[in-house]
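Colleague: Line by line, the protein sequences are chains G and S.
Each number in the working numbering comes from the position in the first sequence (counting from 1) with 11 added on.
Each number in the working numbering comes from the position in the second sequence (counting from 1) with 11 added on.
Not one of these hints is a red herring.
Same chains, same names: a pair is fine if it fits in one copy or spans any two.
Once the Cα atoms are required to be at most 20 Å apart in a straight line, the calculated EDC-like pairs of lysine to aspartate or glutamate come out as:
(1) K257 x E159
(2) K156 x D230
(3) K257 x D152
(4) K169 x E223
(5) K285 x E260
(6) K169 x E126
These aren't lab readings, by the way, just hints derived from the structure by calculation.
Note that the coordinates shown come from a computational prediction; the quantities given were computed from them, not determined experimentally.
2 protein chains.
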Amino acid sequence: STTFRALAGPDPVVGGAPAPEMAQRELARDLADQAVARLGPRLLPSAVPADVAEFRSSAGNAAGSLDVRRGAPGSSIDFMLQSSLHCKVPNGAINITSILIFLNALTDAPHFLLELIQGSPTSIVVILDLLPRKDLALHPDYLQKYYENTQIDQQRGKIEALPQARLYRSPSLFVRSACSPTAVMVSIECGQGGERALEEIVRGQLATVTQEVLQIWLDNCADSTAAMEETERDCLLKRDRIVRTKSIEVDLTANLPRMFDPDVSNRVITEIRKAFGVQES
Amino acid sequence: STTFRALAGPDPVVGGAPAPEMAQRELARDLADQAVARLGPRLLPSAVPADVAEFRSSAGNAAGSLDVRRGAPGSSIDFMLQSSLHCKVPNGAINITSILIFLNALTDAPHFLLELIQGSPTSIVVILDLLPRKDLALHPDYLQKYYENTQIDQQRGKIEALPQARLYRSPSLFVRSACSPTAVMVSIECGQGGERALEEIVRGQLATVTQEVLQIWLDNCADSTAAMEETERDCLLKRDRIVRTKSIEVDLTANLPRMFDPDVSNRVITEIRKAFGVQES
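Please take these sequences and the hints and turn them into a complete structure.
Modeller: What follows is the structure, given as structure tokens:
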């Protein structure tokens, strides 16, 4: 995987990276390995140009990587996207890691979504969800199948039980609406001198829970196919398109231009849009 | 209003009611008055039999009241339901107050919902929402109109900012899915000796916020009508029916049989089902 290589270049960022940042990177790498091991030939080789796979700001303060693997023809995998953004700021660095595995319209099963946003060496925001693709209030059977029967809410409970966990509420009402009621949305705040405590949580409970949630997704969603009527599929496609467009707006495409030169961020955003299959809105 | 009269009968419950319970009752009464003053002739007179308007358990430990006023023909009000349940338990009493104002299919605007569940003289669970009637991830315009433009999330923020507020997460994933991302779902816990503190919060911040949310609902939802295509209206009706059926299952009809004799609770549940327009599932 080339995902994190951009951060291991000539810039001495990796050697000197604080432990929580290394821990976050390893968590993401292990998780990606777990997915790739299971999905195997259903993922095509990486399909992004070299200058998007790894990129930097001209000022040298920011580096990023993006990897997109499309699903093989006939599989229900649409794409697997991994991204990593690193940006030095006056008092440290911001690190944002995302792993998304999105399904196509051969199934209505939820997508997998992980985002880690580390704004300081002692705190990290975690968003982890099986992103629903149907209106859960209109489809209690769907809620039962993917969220109740899988007991995934227990995973959320494990993270929220950490004394350092504070509920994180996205300022975007749309993001809150798009997530499932079992989504992990927390900020883990270890306070002054808490670098070591944060590292232990990331390597410990957070790694365990993200792996278990991914396993639930691999076991219940990744292989699923669903027969749908035409109107049902139309609704799914429309909902998918809105969620994808909105997610891009509030998320990656909001952060990239703040960190990178316009030509770099435009190039990266173009590839992300291509993966998501959405146009500029 | 007869809603709270059941608790003011021969049983000396009211005279000796602890202050937080009185405060909760007054909050609900003021809120109902605020709604009735605005909705006026759009509400028909109360339509429940006397033995449902007020009811008691044969053991004398529990009392309740139910008031349902249907919307006038041609109005977009479906019904306004107020209920109050009081049940003595070994260490005190449980008080549950609900005010629901539901709209019909002349509009797709959200319903108003308030539930107060006081399990002890020092703590109260608050559920306050404009209950969405469309899939918010599929309808960002709806989300913007009723939730972003009304700035209703600020009201949630006011309650959650209370140092005594703890996030309350319904054990029902369906309830969590049906609520909006701006729903107030908190438990206000004032701890040992906190009767007075709870009373002040109920009469203060909680009364203010519930009134402001109701006002937002009255100003933006109560009068609205919406032209809908047939498939759109079918979807709305289906969603309404599911939300209503599920809400009844997990809520009132779950509590009543535990507090009242079967003949009493069946009678009350029948009237609630009639108001909701749903059959036994």
